[in-house]
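Chain order of the listed sequences is H and U.
Position 479 of the first sequence, counted from 1, bears residue number 479 in full-length UniProt numbering, the numbering being contiguous throughout.
Position 186 of the second sequence, counted from 1, bears residue number 186 in full-length UniProt numbering, the numbering being contiguous throughout.
Hints listed in this document are in silico derivations from the structure and should not be mistaken for laboratory results.
Cβ atoms here follow ideal geometry from the backbone N, Cα and C, with glycine treated the same way.
Hints should not be assumed to be uniformly reliable.
Each pair of labels, with its calculated beta carbon distance range [stated by the list, open to error]:
#, chain 1, residue 1, chain 2, residue 2, range
1, U, Gly192, H, Leu361, 31 to 37 Å
2, U, Gly419, H, Arg75, 34 to 40 Å
3, U, Lys305, H, Glu23, 29 to 35 Å
4, H, Gln86, U, Glu184, 47 to 53 Å
Some but not every residue of chain H turned toward chain U, in silico, with C-beta under 10 Å [what the hints assert, rightly or not]:
#, residue
5, His280
6, Val322
7, Cys370
There are 2 protein chains.
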Amino acid sequence: MADESPLSSEQFLGRTNERDLNEPLTDHAEGQLFLTEAFKIIVDEVLRKGTDVKHKVCEWKEPEELARLLDLELRETGEPQQKLLQRVRDVAKYSVKTSHPRFFNQQFAGMDYYSLAGRYLTETLNTNLFTYEVAPVFVLMETEVLRGLRQLVGWTEGDGIFCPGGSASNMYAMNLARYRLFPEAKSQGLYGLPRLAVFTSPESHYSVKKGAAFLGIGMDNVILVKVDDGGHMIPEDLDEKIELTKSQGAVPFLVSCTSGTTVQGAFDPLDRIADVCDKHKLWMHIDAAWGGSVLFSKQHRHLMKGADRANSVAWNPHKMLVAGLQCSALLLKDTTNLLKHCHSTRATYLFQQDKFYDVNLDIGDKSLQCSRKVDCLKLWLMWKAVGSAGLAERVDKAFVHVRYLVEQMKKRDGFHLLGEPEFVNVCFWFIPPSLRGKEGNADYQEKLAKVAPTIKERMMKQGTMMVGYQPLGNKVNFFRVIAFSPLISQKDLDFFLNEIERLGNDL
Amino acid sequence: MADESPLSSEQFLGRTNERDLNEPLTDHAEGQLFLTEAFKIIVDEVLRKGTDVKHKVCEWKEPEELARLLDLELRETGEPQQKLLQRVRDVAKYSVKTSHPRFFNQQFAGMDYYSLAGRYLTETLNTNLFTYEVAPVFVLMETEVLRGLRQLVGWTEGDGIFCPGGSASNMYAMNLARYRLFPEAKSQGLYGLPRLAVFTSPESHYSVKKGAAFLGIGMDNVILVKVDDGGHMIPEDLDEKIELTKSQGAVPFLVSCTSGTTVQGAFDPLDRIADVCDKHKLWMHIDAAWGGSVLFSKQHRHLMKGADRANSVAWNPHKMLVAGLQCSALLLKDTTNLLKHCHSTRATYLFQQDKFYDVNLDIGDKSLQCSRKVDCLKLWLMWKAVGSAGLAERVDKAFVHVRYLVEQMKKRDGFHLLGEPEFVNVCFWFIPPSLRGKEGNADYQEKLAKVAPTIKERMMKQGTMMVGYQPLGNKVNFFRVIAFSPLISQKDLDFFLNEIERLGNDL
Chain H
1 MADESPLSSE
11 QFLGRTNERD
21 LNEPLTDHAE
31 GQLFLTEAFK
41 IIVDEVLRKG
51 TDVKHKVCEW
61 KEPEELARLL
71 DLELRETGEP
81 QQKLLQRVRD
91 VAKYSVKTSH
101 PRFFNQQFAG
111 MDYYSLAGRY
121 LTETLNTNLF
131 TYEVAPVFVL
141 METEVLRGLR
151 QLVGWTEGDG
161 IFCPGGSASN
171 MYAMNLARYR
181 LFPEAKSQGL
191 YGLPRLAVFT
201 SPESHYSVKK
211 GAAFLGIGMD
221 NVILVKVDDG
231 GHMIPEDLDE
241 KIELTKSQGA
251 VPFLVSCTSG
261 TTVQGAFDPL
271 DRIADVCDKH
281 KLWMHIDAAW
291 GGSVLFSKQH
301 RHLMKGADRA
311 NSVAWNPHKM
321 LVAGLQCSAL
331 LLKDTTNLLK
341 HCHSTRATYL
351 FQQDKFYDVN
361 LDIGDKSLQC
371 SRKVDCLKLW
381 LMWKAVGSAG
391 LAERVDKAFV
401 HVRYLVEQMK
411 KRDGFHLLGE
421 PEFVNVCFWF
431 IPPSLRGKEG
441 NADYQEKLAK
451 VAPTIKERMM
461 KQGTMMVGYQ
471 PLGNKVNFFR
481 VIAFSPLISQ
491 KDLDFFLNEI
501 ERLGNDL
Chain U
1 MADESPLSSE
11 QFLGRTNERD
21 LNEPLTDHAE
31 GQLFLTEAFK
41 IIVDEVLRKG
51 TDVKHKVCEW
61 KEPEELARLL
71 DLELRETGEP
81 QQKLLQRVRD
91 VAKYSVKTSH
101 PRFFNQQFAG
111 MDYYSLAGRY
121 LTETLNTNLF
131 TYEVAPVFVL
141 METEVLRGLR
151 QLVGWTEGDG
161 IFCPGGSASN
171 MYAMNLARYR
181 LFPEAKSQGL
191 YGLPRLAVFT
201 SPESHYSVKK
211 GAAFLGIGMD
221 NVILVKVDDG
231 GHMIPEDLDE
241 KIELTKSQGA
251 VPFLVSCTSG
261 TTVQGAFDPL
271 DRIADVCDKH
281 KLWMHIDAAW
291 GGSVLFSKQH
301 RHLMKGADRA
311 NSVAWNPHKM
321 LVAGLQCSAL
331 LLKDTTNLLK
341 HCHSTRATYL
351 FQQDKFYDVN
361 LDIGDKSLQC
371 SRKVDCLKLW
381 LMWKAVGSAG
391 LAERVDKAFV
401 HVRYLVEQMK
411 KRDGFHLLGE
421 PEFVNVCFWF
431 IPPSLRGKEG
441 NADYQEKLAK
451 VAPTIKERMM
461 KQGTMMVGYQ
471 PLGNKVNFFR
481 VIAFSPLISQ
491 KDLDFFLNEI
501 ERLGNDL
């Protein structure tokens with residue numbers, strides 16, 4: 001080998017200035033050392049400090065200052081290891097700690113160490129879930145995890161796939177429903193078809209509209225069905241809207257129900273919607289991205305009674321089960337290989353038919369993606385670690401916390417619930433002392449609308465906790481506290497209530 | 001606190017059977033210990049053994065046996081730590097080692113330790129790239145990384161987004177092009193529109209067709225433009241096909257060129273295609289998922305000459321730059337906020353307009369996804385570590401290896417190239433001794449077609465290396481070796497050639 005022969009000084013100088021491109025560019029020992037040091041920083045900054053209430057949830061910086069602190073610019077030459085480790089530390093420092101017990105902001109709070117180990121393994125193995133050849137373990141594992149989830153829906157057979165998020169899962173369902181009705185749309189497009197219509201409630205996730213736009217169906221053809229005060233779709237109105245739409249010459253093809261709406265956490269009445277879908281022969285899809293996890297709980301699964309009558313269910317274990325972003329399953333009752341028929345293009349360079357193993361194991365053509373990340377391992381390992389019982393416990397715990405929060409809010413002045421929570425979203429206004437008893441004033445709503453944004457700004461700048469707010473319909477800004485993280489205790493809920501008061505009492 | 005008061009025996013028994021749901025469900029010390037042990041296993045099994053040529057690339061098992069070995073079933077109760085660590089070891093053991101120097105199978109070979117550290121950090125921080133509020137670091141970082149990539153295309157301004165894979169990036173481009181021409185399609189769908197037509201070559205990625213189907217355009221409206229022998233789109237044929245399509249009453253709106261076709265690695269002639277697009281005022285998209293990385297190399301960037309004239313470029317740094325699955329950027333020349341106009345639905349619960357910071361930093365509504373994974377950090381950290389120069393070196397090294405492979409193949413009997421490689425895909429037939437000189441025989445092609453699958457089966461079962469094969473048009477099965485991993489040396493290429501001979505010489 002060239003390396004063993006003595007080098008001329010010219011060759012030697014050449015080597016020091018420029019690496020020999022015939023040799024590997026990577027020093028594994030150096031790389032593994034770096035990774036180990038980075039791992040220690042991650043554990044310390046994100047997992048130890050980042051989950052400790054003595055540390056901040058976020059270290060707020062204005063964008064200009066943060067950009068300066070991070071020194072984001074990408075340059076011609078590389079940096080030394082110590083500087084890179086400092087960068088790991090900085091990224092951790094200035095990022096929001098979504099696992100912090102006082103991150104109540106969104107539906108991806110919390111964290112699970114088993115899932116995290118699964119995610120590290122997934123990232124390190126770095127494979128693609130399209131053929132048995134490159135992902136033997138994961139082709140089989142995904143099948144098993146989907147089976148386990150389907151079983152909770154109530155299906156002994158069926159199909160499914162993991163998608164890059166709930167929006168994608170909902171869009172897949174829309175495409176499948178369309179294909180079932182008009183398979184020719186795949187090759188010919190929508191030009192020859194009558195106007196297609198989708199039905200959902202105004203409180204459903206915005207991906208239904210995004211999907212209609214992307215799939216060429218059009219957002220105006222997403223017909224919004226009325227909801228009751230609690231935010232549940234009204235089946236009678238659904239039936240009427242379907243009839244009306246038909247009479248206008250359009251073709252209804254999908255009802256997208258929601259199990260756990262984003263803001264209020266409402267569960268649409270599935271059984272009664274299923275009756276309407278049966279009557280009109282429509283595809284019934286359930287967006288259970290947020291609420292699906294109740295299926296683990298014996299005590300709370302009744303919220304999704306009738307789910308087994310649906311054609312498809314979108315369920316994100318990255319939310320309540322804290323499997324980690326992203327983990328979104330689309331579950332199907334279908335046993336006719338609709339997913340494959342609808343999506344396949346049969347690329348011969350990937351899905352060769354003369355392989356030495358059963359080519360039905362090459363599941364990639366079911367997907368719209370070519371490179372598809374492995375999202376099943378983190379859920380599988382976590383499920384193995386805590387069992388179905390442990391996952392049920394997470395769901396039950398969240399309900400216990402919500403009950404406690406609601407009780408406490410009722411005992412305190414200033415906390416005004418939008419309504420009794422059905423799920424684990426607690427929506428409330430904080431009425432500062434200056435506004436109490438002033439409900440009749442003309443500017444009351446206007447003043448109330450400014451309370452949540454002001455409290456939010458203060459909490460962000462102080463970094464003590466995070467919670468979201470939003471308006472809804474004619475209701476002005478209110479807080480929505482999401483308290484399902486398995487990392488939190490009652491003490492964190494007490495802190496939450498005290499902190500809202502501390503930050504808002506002078507408003 | 002309740003925990004400090006003495007418990008009655010009943011309470012004590014209650015505690016042992018059932019956890020107090022008011023308290024956290026997670027023991028951080030136990031969790032961090034597990035994660036640390038899992039990390040050691042991952043480093044040892046995947047990064048140390050998995051990149052060592054003394055170990056196998058894959059431990060082949062038949063599906064039934066593998067399922068049994070893995071014990072995939074999900075159960076009611078959890079498992080002890082040691083068993084879970086064994087599961088981590090098993091998943092690693094039976095997974096394909098895509099970082100192994102002898103994994104030549106696909107465009108996601110190789111690995112980078114800096115990127116991997118970034119990926120661990122991303123997974124641990126577990127946030128969502130939709131608002132500045134929850135992802136301050138990453139909102140700024142994504143902007144900077146996209147700017148860096150755009151600069152290489154030749155654009156000083158523009159827009160972009162990271163998508164879950166190249167297929168999604170290509171579909172985004174298709175939707176943007178459609179929206180530019182017919183913004184009303186977003187609300188009204190395609191029903192009132194004339195038939196839309198997309199132009200691409202038969203060697204382009206299958207996601208163009210998948211996208212056309214999904215977006216309601218229809219696969220039949222993907223018009224295939226002729227290619228020359230090397231697999232490059234012929235601009236004259238493009239021009240003719242556009243004219244013909246117009247004359248048939250359809251509306252051409254997008255040309256999807258390819259920089260680095262999947263099989264042969266061909267680069268479409270961008271400058272000449274841009275002329276045709278200019279003439280017909282069509283959106284020019286470049287699917288540079290595979291080939292985009294040549295833009296880093298001074299020596300090879302000429303392959304994409306004219307890229308700056310495109311409207312959009314899809315580029316997957318998870319391929320040649322080994323940023324890790326997934327890392328796919330859609331780059332746009334647009335400065336009119338088209339991405340946001342095209343995709344936004346303005347969900348008030350996420351994108352509140354009365355925030356205390358500049359709401360233009362809330363970039364989530366540009367995306368079709370709601371939860372969008374952070375894909376920029378891994379690329380950013382790696383780029384910081386090795387610099388643009390280091391990434392260029394990876395590209396150049398791959399070309400050096402290809403040159404070597406080609407030279408060696410020409411020196412050996414039995415290796416027959418499809419043609420001179422333009423990029424880093426080396427496509428060749430291995431002609432076993434029994435078939436040499438028999439080209440004239442009637443059953444030659446039929447026999448040759450069986451050679452690659454047989455060699456493939458043998459190498460998989462022995463686990464010595466992995467390389468893909470496929471037919472293409474009227475060309476029977478040939479190998480396609482992808483040798484761009486920064487972890488390989490010339491020795492691995494010699495091994496490759498020897499191993500093909502060893503496995504195929506008796507055929």
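| Can you name, in rising order, the numbers of the hints this structure does not satisfy? | Those not satisfied are hints 1 and 5.
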